[in-house]
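Read in order, the letters of the sequence shown are residues 0 to 72 in numbering that gives the first Met the number 0.
Since the hints were derived computationally from the structure, they do not count as laboratory data. There may be inaccurate statements among the hints.
Computed spacing ranges between beta-carbons, pair by pair [as the list claims (entries may be wrong)]:
{"no.": "1", "residue 1": "10", "residue 2": "30", "range": "42 to 50 Å"}
{"no.": "2", "residue 1": "22", "residue 2": "57", "range": "25 to 33 Å"}
{"no.": "3", "residue 1": "7", "residue 2": "57", "range": "40 to 48 Å"}
{"no.": "4", "residue 1": "51", "residue 2": "24", "range": "21 to 29 Å"}
Ideal Cβ positions, reconstructed from N, Cα and C, are used throughout, including at glycine.
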Amino acid sequence: MASVLDSLIFSFHLRQYFVTCLRALFRELMILRGCFAVTDSATSSSYRYRTQLLIRGKSAMKILNKSGDSTLP
Numbered sequence: 000m001a002s003v004l005d006s007l008i009f010s011f012h013l014r015q016y017f018v019t020c021l022r023a024l025f026r027e028l029m030i031l032r033g034c035f036a037v038t039d040s041a042t043s044s045s046y047r048y049r050t051q052l053l054i055r056g057k058s059a060m061k062i063l064n065k066s067g068d069s070t071l072p
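With the hints as constraints, model all of the structure from the sequences given.
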């Protein structure tokens, strides 16, 4: 009984890992699509939004580094 339960748990975790990998791959493909498909207005605006967030994050890190705040790793 324990081996059956162990195999069910293992197959569940394996399936969950596989789904997570597929989601990550799909997300990366959509990001690449956003990088190269600039003619699509929805995609390009989404890419611009992600780029703005990245720029804001970098500038916030610079401000934190200058102020000497060591709360971030």
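So does residue 51 sit 21 to 29 Å from residue 24, Cβ to Cβ?
-> Holds - the Cβ-Cβ distance for residue 51 and residue 24, about 25 Å, lies within 21 to 29 Å.
Is 42 to 50 Å a correct range for the gap between the Cβ atoms of residue 10 and residue 30?
-> At roughly 31 Å between Cβ atoms, residue 30 and residue 10 fall outside 42 to 50 Å, so the hint is violated.
So the hint says 40 to 48 Å: do the beta-carbon atoms of residue 7 and residue 57 match that?
-> holds, 46 Å
Given the hint of 25 to 33 Å, check if residue 22 and residue 57 actually sit that far apart at their C-beta atoms.
-> holds, 26 Å
Violated hint for the displayed structure: number 1, the only one.
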